[in-house]
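Those protein sequences? They're chains A and B, same order as listed. With my numbering, letter number 10 in the first sequence gets 10, and the count goes up by one each step, no holes. With my numbering, letter number 17 in the second sequence gets 17, and the count goes up by one each step, no holes.
Think of the hints as simulated: they come from the structure by calculation, not from any bench. One or more of the hints may lead you astray.
For chains that are exact copies, the list does not tell them apart, and a pair is met inside one copy or across any two.
[Said to hold, decoys possible] In the DMTMM-like style, the derived pairs of lysine to aspartate or glutamate whose C-alpha atoms are separated by at most 25 angstroms in a straight line are:
{"#": "1", "residue 1": "53", "residue 2": "89"}
{"#": "2", "residue 1": "11", "residue 2": "77"}
{"#": "3", "residue 1": "95", "residue 2": "13"}
{"#": "4", "residue 1": "98", "residue 2": "40"}
{"#": "5", "residue 1": "93", "residue 2": "13"}
{"#": "6", "residue 1": "98", "residue 2": "77"}
{"#": "7", "residue 1": "98", "residue 2": "6"}
{"#": "8", "residue 1": "98", "residue 2": "74"}
2 protein chains.
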Amino acid sequence: MKTTGETIRAKREEKGLFLRHISYKLKIDTAIISKIERGERKATRKQIIMLAKILKLDKESLLIQYLSEKILYEIKDEELGMQALKVAENIIKYKVTKNK
Amino acid sequence: MKTTGETIRAKREEKGLFLRHISYKLKIDTAIISKIERGERKATRKQIIMLAKILKLDKESLLIQYLSEKILYEIKDEELGMQALKVAENIIKYKVTKNK
DNA sequence: ATTTATTTGACAATAATTGTCAAATGTATA
DNA sequence: TATACATTTGACAATTATTGTCAAATAAAT
Chain A
1 MKTTGETIRA
11 KREEKGLFLR
21 HISYKLKIDT
31 AIISKIERGE
41 RKATRKQIIM
51 LAKILKLDKE
61 SLLIQYLSEK
71 ILYEIKDEEL
81 GMQALKVAEN
91 IIKYKVTKNK
Chain B
1 MKTTGETIRA
11 KREEKGLFLR
21 HISYKLKIDT
31 AIISKIERGE
41 RKATRKQIIM
51 LAKILKLDKE
61 SLLIQYLSEK
71 ILYEIKDEEL
81 GMQALKVAEN
91 IIKYKVTKNK
């Protein structure tokens, strides 16, 4: 599976856009876009939304991918990460059930 | 299900300890412990480990509970949170499979 | 060979987190 | 009731993490 950065780079290149084009629209230095695409930096939520718009990527899919990476970042060195994920899921499920 | 803070408070009271006891061991103000127990602040990872030790709570369980809350915090206002969680899970699963 | 695009890394700006402190409030009991 | 101790509250200070700029280095395309 591609990372968010890879998805963005692939689409940007497909569209023949340069970093400076994105950089101009997002009002940040090309250095950051470069880093985001290579996974050296995380984008902000706003940037993800704008990137989806600019590159005509599906907003929801990109956001899901982005959020999943944020989650994984949170537990990257954790032995118990998977278990924590499952507990988190159950808590959400419970909340949803409750509100029926 | 109890929150991490509730677990901590319950055990602390069961053991007849005051905030100042915990505060002394953790080298932070009672104000913070109070807030952590009531869910107004998040603990740090270190504090969770120390709290498990001091209160003789199962370290792994407390850590899982704590991490799951951190994860949930990350997606608390996100429509797509659940889907992101599932993607995150699949990515972990895939990584594990790959390394066999 | 130049020009243009991207990458790198030092470091500045900003934002989020974690803490202190003092005063207010709650609780028990002499 | 009063007084002693425990907890809570909120303003704000300190610390740490994140996000950004910039300039120089490297890579790619004419």
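Each hint, compared with the structure:
no.	hint	verdict
1	53 x 89	neither (29 angstroms within a copy, 27 angstroms between copies)
2	11 x 77	neither (31 angstroms within a copy, 28 angstroms between copies)
3	95 x 13	neither (42 angstroms within a copy, 28 angstroms between copies)
4	98 x 40	between (40 angstroms within a copy, 23 angstroms between copies)
5	93 x 13	neither (39 angstroms within a copy, 30 angstroms between copies)
6	98 x 77	between (33 angstroms within a copy, 18 angstroms between copies)
7	98 x 6	between (39 angstroms within a copy, 20 angstroms between copies)
8	98 x 74	between (27 angstroms within a copy, 21 angstroms between copies)
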